[in-house]
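Q: Given next are the chains, with one letter for each unit.
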Amino acid sequence: MNKNQVYLDACKTTRMDPKVFAAMKPYFLEKYWFPGDFTNIGNEIADKLSESQEKIAKTLNAEAEEIIFTNGGTDGNNIAIKGMMYANKEKGKHFITSRISHPSVLTVFKALEEEGYKGTYISADEDGYLDLEELQDSIRQDTTLVALTHINHTLGTVQKIDEIGKILQASDHKINLFLDSCEAYTKIPIDVKKQNIDAISISGHKFNGPKGTGILYLKKGTEVERTQHGIVRMHSLKPGVVNVPGIVGITKAAELIYEDFEAHVKQLRKLQNQLYEGIKSKIDDIRLNGPRLGERSPAHLNVSFMAAEGEAIMVMLNFADVHVETGSACSSEDLKADYIMMNTGRTFEESHGSVRFTLDKFVTEKQINRTIDSLDKTITELRRRSPLSKKK
Amino acid sequence: MAIKYSEKVIEHFKNPHNVGELTEPAGFATEGSPACGDQLSVYLDIEEGTHVIKDIKFQSYGCASNIATASIITDMAKGKTLEEAKELTWKQAAEELGGLPPVKMHCSVLAVDALRSAIKNYEETHLGKQFDDSLSKSNVEKELEKIIYGKVGVDILTLKLVKYVGVDNENNIIIDLEMDEDDKFLDDVKKEIREHLAQFEKANKIEINLV
Chain A
1 MNKNQVYLDA CKTTRMDPKV FAAMKPYFLE KYWFPGDFTN IGNEIADKLS
51 ESQEKIAKTL NAEAEEIIFT NGGTDGNNIA IKGMMYANKE KGKHFITSRI
101 SHPSVLTVFK ALEEEGYKGT YISADEDGYL DLEELQDSIR QDTTLVALTH
151 INHTLGTVQK IDEIGKILQA SDHKINLFLD SCEAYTKIPI DVKKQNIDAI
201 SISGHKFNGP KGTGILYLKK GTEVERTQHG IVRMHSLKPG VVNVPGIVGI
251 TKAAELIYED FEAHVKQLRK LQNQLYEGIK SKIDDIRLNG PRLGERSPAH
301 LNVSFMAAEG EAIMVMLNFA DVHVETGSAC SSEDLKADYI MMNTGRTFEE
351 SHGSVRFTLD KFVTEKQINR TIDSLDKTIT ELRRRSPLSK KK
Chain B
393 MAIKYSEKVI EHFKNPHNVG ELTEPAGFAT EGSPACGDQL SVYLDIEEGT
443 HVIKDIKFQS YGCASNIATA SIITDMAKGK TLEEAKELTW KQAAEELGGL
493 PPVKMHCSVL AVDALRSAIK NYEETHLGKQ FDDSLSKSNV EKELEKIIYG
543 KVGVDILTLK LVKYVGVDNE NNIIIDLEMD EDDKFLDDVK KEIREHLAQF
593 EKANKIEINL V
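Top to bottom, those sequences are chains A and B.
Each residue of the first sequence is one higher than the one before, starting from 1 at the first, in the numbering used here.
Each residue of the second sequence is one higher than the one before, starting from 393 at the first, in the numbering used here.
Careful: at least some of the hints might be erroneous.
To be verified - Selected chain A positions facing chain B (in silico; Cβ < 7 Å):
# : residue
1 : V315
2 : C330
3 : D334
4 : E349
5 : E350
Hints in this document: simulated from the structure, not taken from any laboratory.
All figures in this text were calculated on a predicted structure; none of them were measured in a lab.
Just so you know, even glycine gets a beta-carbon here, dropped at the ideal spot from N, CA and C.
Modelling step: build the complete structure from the supplied sequences, incorporating the hints.
A: And the structure:
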């Protein structure tokens with residue numbers, strides 16, 4: 001591994017913790033068995049899986065039996081969203097989501113619309129907060145599901161789940177609340193009971209766990225129709241082979257963070273603050289995208305650099321082995337400006353010049369300093385080349 | 393498959409040639425806009441009599457390939473006569489860079505376009521040439537030639553994606569496009585058409601139909 005590399009794209013994926021790898025290794029090479037009854041080897045695996053469910057449940061204030069292991073965030077979104085809509089189709093075929101939901105949520109709903117389901121896409125303000133009055137007004141007699149992205153992946157906005165839960169509780173009929181919490185888990189506290197959440201999808205590789213692993217929390221009694229079929233070894237909604245090493249890995253990854261969750265969040269906030277203050281002190285004419293620090297996700301910063309273009313910033317930072325993400329249309333495969341930036345009132349120039357920095361536990365203060373330094377040089381150079389900068 | 397830049401694109405992006413501006417350029421033009429995501433200004437210093445491009449500078453607000461294509465096209469134009477420089481094409485610029493990803497080919501078009509506009513500006517201001525920029529079918533077609541279909545990196549006229557171009561008596565521009573409704577580049581092509589045709593101030597409205 002290149003020790004000089006700075007990877008600030010944790011929202012895309014993260015490096016697996018070596019401790020996670022060490023925990024998984026025996027389950028690949030020695031304890032490769034399936035869970036089962038009556039035999040010691042089958043029992044040992046079954047016990048390990050139960051222990052994993054219990055450990056994950058604790059982090060969400062859920063019950064062990066409410067935890068299902070999946071292949072990732074997208075897998076969980078598909079199982080839960082489709083399964084809940086299908087199970088309630090006699091009651092109604094209307095769902096509510098938002099215009100700034102993650103594509104892994106929006107694409108599932110697009111598929112459902114092709115099957116005849118109807119949706120309302122609520123809007124967000126310029127900081128990415130959903131319009132809760134619009135949510136309230138969108139509820140219909142045939143609404144059975146509200147599915148939202150918990151922390152917005154582009155703006156770092158933490159949605160007001162407590163208020164959303166209360167709105168749905170006050171409805172005259174049951175409406176399920178599903179959250180895509182891939183960016184939220186391990187970044188903010190989640191309490192499924194207090195917050196009246198019915199289902200949550202989580203992805204392992206977003207918090208230094210293994211790729212291809214996920215968690216689906218499903219409140220006891222929630223009706224979900226099966227969308228996958230096969231031999232059931234752990235849960236009927238996720239049949240087929242049980243990814244034992246993956247489950248051990250994702251559990252270990254969560255454990256490592258939740259053993260001192262507050263210290264973890266505090267460290268992320270410190271780095272986030274260091275990065276933003278550093279950028280502000282060295283580079284002028286910038287815009288913060290999303291809520292102010294302290295209010296937004298602790299692992300997330302999004303800044304637009306005026307008169308410089310995001311793809312060029314990303315590529316030039318790459319030369320310095322600093323890795324970030326941009327909302328520029330020039331880096332998208334269909335040349336479209338970022339839909340979240342466009343749906344939250346940004347100008348094209350703000351979207352094209354936006355750079356997202358996302359953090360995980362492996363990011364160091366030294367790396368943040370190197371990022372600020374590289375960014376300063378990059379923006380200075382790109383502005384030197386830019387016809388827009390001379391207007392100032 | 394991942395979209396990759398050639399080594400030459402990277403080299404020209406890292407160390408672009410001819411960056412800057414000329415204080416009293418003989419010819420000057422800006423193409424694109426911040427809203428499009430790329431804007432390029434070209435400055436020309438031209439030797440009177442021979443009409444050779446003595447010096448050329450550019451400023452670019454755009455992605456890596458935008459800067460690289462501006463760097464290469466200004467290199468290619470330097471030392472050439474205006475007539476020779478006018479003949480440079482976006483395909484040549486892209487080839488000179490060792491190729492461009494199809495989705496980036498529009499950068500090459502912008503670079504050539506800005507160069508040609510700067511030359512045109514010189515011809516208008518110094519040689520007294522007049523150009524017909526009026527709203528006409530052929531001038532609309534000239535603009536459509538500059539619009540690249542990002543999937544294959546070729547312009548929409550060459551690809552015959554444009555089935556009909558017309559300007560009616562009320563100065564409405566009508567364009568029939570043969571593209572699928574769910575083509576992921578449809579929005580980009582429509583946006584590009586509107587941006588390129590915005591220069592026709594007399595145009596009433598632009599009607600784009602899918603056929």
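Q: Give a verdict on every hint.
A: Status of the hints after comparison with the structure:
1. With a cut of 7 Å, the hint placing A:V315 at the interface with chain B holds, because the nearest CB-to-CB distance is about 4 Å.
2. For A:C330, the interface hint holds, the least distance from its beta-carbon to any beta-carbon of chain B being 4 Å, beneath 7 Å.
3. Interface hint status for A:D334: upheld, as the beta-carbon distance to the closest one in chain B is roughly 4 Å, under 7 Å.
4. Proximity of A:E349 to chain B holds as hinted, the smallest CB-CB distance being about 4 Å (cut-off 7 Å).
5. Checking A:E350 against chain B: minimum C-beta separation of about 10 Å lies over 7 Å; hint violated.
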